[in-house]
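Input sequences plus hints: build the corresponding full structure.
These protein sequences, in sequence, are chains V and E.
Throughout, my numbering is defined as the position within the first sequence, counted from one, plus 11.
Throughout, my numbering is defined as the position within the second sequence, counted from one, plus 1460.
There's no promise every hint is true.
[As the list claims (entries may be wrong)] DSS-like mimics (lysine-lysine), calculated; alpha carbons at most 30 Å apart, straight line:
1. K360(V) / K1489(E)
2. K27(V) / K62(V)
3. K1598(E) / K76(V)
4. K18(V) / K1598(E)
5. K18(V) / K62(V)
6. K1489(E) / K1627(E)
7. K18(V) / K76(V)
8. K76(V) / K27(V)
9. K76(V) / K62(V)
Don't read these hints as lab results, they were simulated from the structure.
Quick caveat, the model's predicted, so the values are computed rather than measured.
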Amino acid sequence: MPQRIGKYEVRKLLGKGATGSVYLAADPFAQREVALKVMEKLSADPDISRKQLRFFQNEAALAGKLRHPHIVSILDAGVDEVPGAEPVRYLVMELVDGSALTEYCNPGALLEPGRIVEIVYKCCKALEFANTLGVVHRDIKPANILVRSDMDIKVSDFGAAQLARSDVTQVAGVGSPAYMSPEQVKGEEIDWRTDVYSLGAVLYHLLTGRRPFNGATTYELVEAILGSNPPPPSRLRPGTTEVLDEIVERAMGKSRDARYSSWEEFGAALAKLLRLERGAAELSDAEKFAASRRLRFFERFSDVELWEAVHASQWQLHPAGEELIREGATDENFYVLASGLLKVTQRGKLLNAVSPGECVGEMAYARRDGQPRSATVTAMEPSWAMRLRVQDVDALSEQCCARFNAAFLSIMADRLAMLGGRLVAM
Amino acid sequence: MITLWELQGRDGRRYSLFSWRARMALAHKGLAFETRPVCLSDKAAIAFSGGKTVPVIRDGDLVVRDSWRIAEHLEDRYPAAPTLFGGAVGRGVSQAFNAWVDRAVVPAMLPVVVADVHERVDPADEAYFRETMEKILKRSLEQARSERDAALQRLARAIEPMQAALKRQPWVCGASPAYADYILFSVFQWARVMSPREVLGPQDPLCVWRERMLDLYDGFARNVPVA
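This is the structure in C-alpha cells:
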C-alpha cells in the first residue's frame, strides 16, 4: 500500500474493484478524511486502456461540479508521475460511511417498500440534478448507490457518464447489462431516460430481491430486456401496491417515450406514493423535500440548497391548540409552516394568522440578542411545521444562508405591503 | 430643538447609514433638528450617550442612541405626527425588517462600496476605518475593490426580493412611505453619498423608488454633498 499519493496520506485500503482500489486517505490541507480512488494500471489491450483512461477523464472532469447532497462529490483528481513507472491516476472523493445498496437486494434482506421508495426518490432528485448539468450517469445499479447507516444515500461512480459539452470523447457500450435500457443494449443514442429505466430496474430489484431480467448468457439477457416484461413486483412480493407496480412499469418502459416525461414527474409519482404509505405522524426526508418544494418560502432555493435546509430542520405535527412559541420565553428557533394554520397573539390579542409557506419566529435568527419572545404562536388546526435552530442555519453553506435571508426579506416585504393601507389610514 | 450626532466625512458628507434612518424619521415626523458632526474614531464626542456609535439624539432632557430606539422614541413621543410604523403590528414587522436589512443587505453593500467610503471618510478616520473594515471583511480594501463586480452580483441577489416588491407598489410600506422605507433607503443613500459608482440600473425598480425617496420632504436627502 502506498504511503502517500499526491498530497494525500494513505491510511488503509477500503476496497478493490475491477477499475481500481479505493483507499481511506487524509487531506492534510483541508484536514479531512477522503476516499482516494486509484486507477488500475492501464491494460495492455489498447481498446481497454483507452476506455480506462476515458473513465478516469470523465470523473476528473466532474471534480467540483456535481455538488448535491445525494451524489458522492469528486473533490480533486490528479496524476502522480512515478520515475520509471506508469503514472498513478487518482480521484479524490467525499468519504461516505456506508455500503452499497446491493446489500439490500437479497431476498432475505429486503427493505420495507416505504424505505425503498424514499431511496429511489432521492436517487431520482440526484439524477435530475446531474441531468440539469448535462450529465447522464449510464450505469445506475445497486452497486453504484451508497447507503449510510441512517439510510441516506449517495449516487456514485460517474466514470461511465455521458457529459454534455465535454471535451472527453464519449465511450459507447458501457453500463451493467442487467440494468441497461433497451436503447443502451442496442448501442443506440441515449439520453437521461436511460437513467430513468435503470433506476426503475433498481427499484424492481430492491422490491423483489431479483433482477428484472436474467439470462444464462449476455445474449439471452439482452433478448429478455428487448422482448419480454418482468412480472409485476406485487406478484413476487405480496403487499406491494399496484401503484408501485405502475411506477416500475412506467419507468421501465421499452421505449423512451413510454417512460416518465421528466425526472420531476417520476419524483412526483414516488412522493405521492410516500404520502399514501406513511402514517400521519411521521414524514420521510423525501416527503419533507417534496412538501418544502411546494412552499413559497423555498421557491428560490435550488434543489441542493433545499436538501440542505431539509436536513437541518426538525419536522413536527402540532395538534390544534399547541404553542410553538410562547410570549416571554427565550429560544433560538424559527419555523416555516408546511401545512395547517397558526395564529400569533400578544397578551391574548390576535395579531396575525400564518399560512403554509410563511415563517414565524425569525427574529431569533435576525437579532440573536436573547430577547424574550414578544408574541405567542399557536396551532389553530393540526399543522406541520419545520423548525430550524439559529446555529443549524449558520452551519449551512453561504449560498443556502443567502437564500434564507432573501426569503425572509421577501416575506417582510409582503407583510409591510399589507400594512400599507393601515399607514395611509393613520 | 432636537440635536442629532452623526458621522461626517470629507467635504461635509454625512455618511452614516444608521444616521440616515434617524434623519428620515425626523423629517417624516416634521420635527426640526440640528446636527453635530463627529469623527468615527472620536468616541469621546458621544461618550455622554453611554455608547460608542451614532446616531445619538438629544430631545429635551432625553438622550437616545441606536437608530431603532430613536425611531421608537419619536413614534411614542410624537404620536400626533405622521406614524412611522402604523401601529403595534407595523412596529413589529418594521423591527423585523430592520434586523433583516442589517443582516442581509448591509453586509452585501459593504464590500461594494467600502474602498470608496475609505477615500471619503475624514482623514483622521482613515487608519481606524481601514483597520476595522479589513477585520470585518477579512481582506484588504484593495482586494475588496478588485472583487467589486462579484460583490455587486451578491448584492443584486440580496436585494432581489425588494425589487419584486417595488414592482408591485410605490413604497416598501405600500401606498405611502414609512420607517421601513427609510431603513432600506439608508443603505442606498450611504452608497450614494460615499461612492461615485452607481449600484442600481436606471430601470431597476429600486432606482425608481430611490428617486422618489430623494424627492421626499423637498429633496431633503437629495440636496446633500454626494460622491
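Against the structure, the hints:
{"no.": "1", "hint": "K360(V) / K1489(E)", "in the structure": "holds (28 Å)"}
{"no.": "2", "hint": "K27(V) / K62(V)", "in the structure": "holds (19 Å)"}
{"no.": "3", "hint": "K1598(E) / K76(V)", "in the structure": "holds (27 Å)"}
{"no.": "4", "hint": "K18(V) / K1598(E)", "in the structure": "holds (27 Å)"}
{"no.": "5", "hint": "K18(V) / K62(V)", "in the structure": "holds (27 Å)"}
{"no.": "6", "hint": "K1489(E) / K1627(E)", "in the structure": "holds (27 Å)"}
{"no.": "7", "hint": "K18(V) / K76(V)", "in the structure": "holds (21 Å)"}
{"no.": "8", "hint": "K76(V) / K27(V)", "in the structure": "holds (26 Å)"}
{"no.": "9", "hint": "K76(V) / K62(V)", "in the structure": "holds (22 Å)"}
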